[in-house]
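Visitor: Chains A and B supply the protein sequences, listed in that same order. For the first sequence, position 225 matches number 225 in my numbering, and the numbering has no gaps at all. So my numbering is basically just the index in the second sequence, starting at one, shifted up by 229.
Be a bit skeptical, because a hint or two may be false.
For lysine-lysine, the following DSS-like pairs were computed, each having C-alpha atoms within a straight-line distance of at most 25 Å [claimed, not checked]: (1) B/Lys412 to B/Lys441; (2) A/Lys152 to B/Lys513; (3) B/Lys441 to A/Lys91; (4) A/Lys194 to A/Lys91; (5) B/Lys749 to B/Lys581; (6) B/Lys352 to B/Lys262; (7) A/Lys68 to B/Lys262; (8) B/Lys749 to A/Lys120; (9) B/Lys426 to B/Lys461.
Note that these hints are calculated values from the structure, not bench results.
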Amino acid sequence: MEDKRHTSREYERELQEIRDGLLYLGALTERALERGAQALLERDSVLAREIVRDDEQIDRLDVDLEEKCIRLLALRQPAARDLRFITTAIKITGHLERIGDMAANIAEKVLILNDLPQIKPYVDLPRMVEISRGMIRKSLDAMVREDVELAKEVGEEDAVIDQLNDQVFRELLTFMMEDPRKIQVCLYIMQISKSLERIADHAEGIADMVIYMVTGTSIRHKPASAEQG
Amino acid sequence: MKIRLFYKFVIAFLAIGVAAVMVAGFLIERELKTDLTIRIGEEMAAGAQIIALMPAGEIAGHAGDLAERTRARLTLIDAAGRVTADSELGDGETDGHLNRSEIQEARLRGIGKAVRYSHTLKKEMLYVAIPLREGAQTMGYIRLSRPLADINRTINATGEAVFDILLGTVIVSFLIAMLFAVKMLSPIGRLAAFTAKVRMGDVSGALRIESKDEIGQLSDNINEIVTTLQEKIRTADAEKRKLESLFSGMSEGVMVLDAENRIESVNQGMEGMTGRPHGEVIGKTLLEAFRNIELHDALERFRERKETVAEEIGLGDDRSVIMDVTISAVQGEGGGERKTMLVFHDVTRLKKLERIRTDFVANVTHEIRTPLTAIIGFAETLQQGIFENRETPRKFLRTIRENAERLNRLVDDLLTLSGLELGEAKLHLEEVRIEEALDQVLAIVGARAGEKGLTIRKEIAGELPLILVDRDRLAQILINILDNAIKFTPVGGTIAITTSPGEEGCLTVRIADTGAGIPKGEIPRLGERFYRADKMRSREMGGTGLGLSIVKHLMMAHGGRVLIDSALGHGTTVSLYFPIVPESK
Chain A
1 MEDKRHTSRE YERELQEIRD GLLYLGALTE RALERGAQAL LERDSVLARE IVRDDEQIDR
61 LDVDLEEKCI RLLALRQPAA RDLRFITTAI KITGHLERIG DMAANIAEKV LILNDLPQIK
121 PYVDLPRMVE ISRGMIRKSL DAMVREDVEL AKEVGEEDAV IDQLNDQVFR ELLTFMMEDP
181 RKIQVCLYIM QISKSLERIA DHAEGIADMV IYMVTGTSIR HKPASAEQG
Chain B
230 MKIRLFYKFV IAFLAIGVAA VMVAGFLIER ELKTDLTIRI GEEMAAGAQI IALMPAGEIA
290 GHAGDLAERT RARLTLIDAA GRVTADSELG DGETDGHLNR SEIQEARLRG IGKAVRYSHT
350 LKKEMLYVAI PLREGAQTMG YIRLSRPLAD INRTINATGE AVFDILLGTV IVSFLIAMLF
410 AVKMLSPIGR LAAFTAKVRM GDVSGALRIE SKDEIGQLSD NINEIVTTLQ EKIRTADAEK
470 RKLESLFSGM SEGVMVLDAE NRIESVNQGM EGMTGRPHGE VIGKTLLEAF RNIELHDALE
530 RFRERKETVA EEIGLGDDRS VIMDVTISAV QGEGGGERKT MLVFHDVTRL KKLERIRTDF
590 VANVTHEIRT PLTAIIGFAE TLQQGIFENR ETPRKFLRTI RENAERLNRL VDDLLTLSGL
650 ELGEAKLHLE EVRIEEALDQ VLAIVGARAG EKGLTIRKEI AGELPLILVD RDRLAQILIN
710 ILDNAIKFTP VGGTIAITTS PGEEGCLTVR IADTGAGIPK GEIPRLGERF YRADKMRSRE
770 MGGTGLGLSI VKHLMMAHGG RVLIDSALGH GTTVSLYFPI VPESK
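Same shape as in the complex, but just chain A:
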């Protein structure tokens, strides 16, 4: 009896470790994104290099976390809710790792952009950063609070990001048509915009996993009316 309780306590601790690990990873990616935006806006190459370097830590944590999940699956054979949590955790860490990669990508582009002349002050990109950061934060908050409504909000915001991405694309297109010398800069900015759009997608993916984790029903690959709006 004593031994069993001890085991279940140990098990609880391991589950918490995974939960905390996800949150830590989430905070790291959120910070990477925030710093990426800062590096972009302030043309800070030192900061950009730091982000690229820090991505290694994110990758390492991702691997660690996944291993922990798999070990828990193999050794404890969790059932029902816990099983759902661990399988979702594996998916969420995947999403987070990808977000980290995207942030590193952005930082790499910033490094190149900083050597090129700035063609215009950024208006939409900071907004995209703000929204996508908010999406990551909300999806992780939703995970902590097991708040399905909050998770659903994340999905709705993805539409805004898509619109902004399109807007940036159109705007840059006019710049490129006007002056071919700006094409290089514009292409890099476009890639950044695309990365942000991908980050938002991953944030939405996390939110979907949270909904699945809490309710047990998957909402992925279902046409949501919000996405068209």
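Given the coordinates of chain A, work out where chain B should sit on it, guided by the hints.
Guide: Chain B only, in chain A's frame:
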């Protein structure tokens, strides 16, 4: 409890009463019976002896009469045992009575008694016989007999009386005992109720039992215990409240993590710093509650080193709140559980001040170096002394002079400012009409505004109160503000000066321009020394970067204040609030 005790008393009293009545009744009845039988026997013997004194022949004749007198049956028996006369039977029976035990006894001892069943009368009878003697010769026997039922009736009557008395006594004593029981049990019941109340944790009130016996003593003791308890609880409560108010009232944020690293408690300071209510964070891990990398890393470091860790971290979504966090171990009660305490100290303001100070030093150096570089550079060129014409060195000298003047202005401003900040500035307060002061200042700056083609509109409300200011300082303030307005308003713009008696004993002067305006976010920093909203442009215009700072401090020294309202592209309005002369009568 009380009921049961009461019934126990009732049953015990009843048992004792019944037993007492039964034993007493039995003993008394037995005693009475023996006593009465003896007495009646003696009575009958005395009767018989009296009868025996009569002449023998007459006894038989008067048998009925004698029997009635002695309330007994009288039988005369001759020496041969034949019945010669009987008061109830006549002369019928004749069988030998000599062998009857009472006769035998009478013959031998002079008197005989017996209790027998009489076959003649079919009754239990008491017989008493004595011999009739004439000289030494026994002539016969006189026998008196009475039915035992008679005796028993007497005994029963007496017994009943005795029983009644006994019963009455028992009932009365029972009632007294009950009264006593009720009186004794009621305080016990109250004791029980009171102690039960105390056991449930209610220690208010006291027992009121006026009694000098053990129960009184018991209640006094209980009261004493309860009072001590109340005192202890009060002390503990006060101690707890003191600690609690200390804990919640301190400006530092305090957070305690349990052995599982979950947040166990936070104080009000912590709630205020993070904006997260108590209920939202309790029971969560640090990451769940705050998801702050620096905070988590600090905790990890603390766990690795197992010693107090002090770090500076940024809290909040944009990490704008800078905290000094100290993480240390606390021993839980009993020493078993290891808890962690995090103390947060908000150093945002300190950090800001620190930044202002470093900025200031950097700015001063920069401001001083710029004119100095120019002076040194031009002086060197002059020293080399190769000029194509005479105009060039003159131009150089003018530049040197301008820069030296700028340095001088800077030093003057810095001195003014430090004097103001140290509170050393002496104000010669006098009653001033704002209109007059404005006119004087406009005479000075008006020309420059005219050069730039700016329109200055002045609207003075009819009757304005006098203000209490230092006339020269007021001019300095107004010149500074108007200078800024003229500098930053593009050609053809308007500067509007309006005055109005404000609220709260103030007079308001508003100077609004149609210039470029200042971004909202920059407004709070405008009073900082050397802070320039538009770094490139304003230095070109020759300001020292101290003007607004001086205005702010001068206004404060006068007991007034400055308010700047602006939006990019919409001009800037500076409102000056001057204290007015208090109405003396």
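Visitor: Evaluate each hint against the coordinates.
Guide: So, going through the hints one by one against the coordinates:
1. B/Lys412 to B/Lys441: 14 Å, holds
2. A/Lys152 to B/Lys513: 23 Å, holds
3. B/Lys441 to A/Lys91: With a Cα-Cα distance of about 82 Å, the restraint between B/Lys441 and A/Lys91 is violated, given a limit of 25 Å.
4. A/Lys194 to A/Lys91: This hinted pair holds, its Cα atoms lying about 22 Å apart.
5. B/Lys749 to B/Lys581: Roughly 18 Å between the alpha carbons, so the hint for B/Lys749 and B/Lys581 holds.
6. B/Lys352 to B/Lys262: Given that 25 Å is the threshold and the Cα spacing comes to 18 Å, the pair holds.
7. A/Lys68 to B/Lys262: 108 Å, violated
8. B/Lys749 to A/Lys120: 22 Å, holds
9. B/Lys426 to B/Lys461: 17 Å, holds
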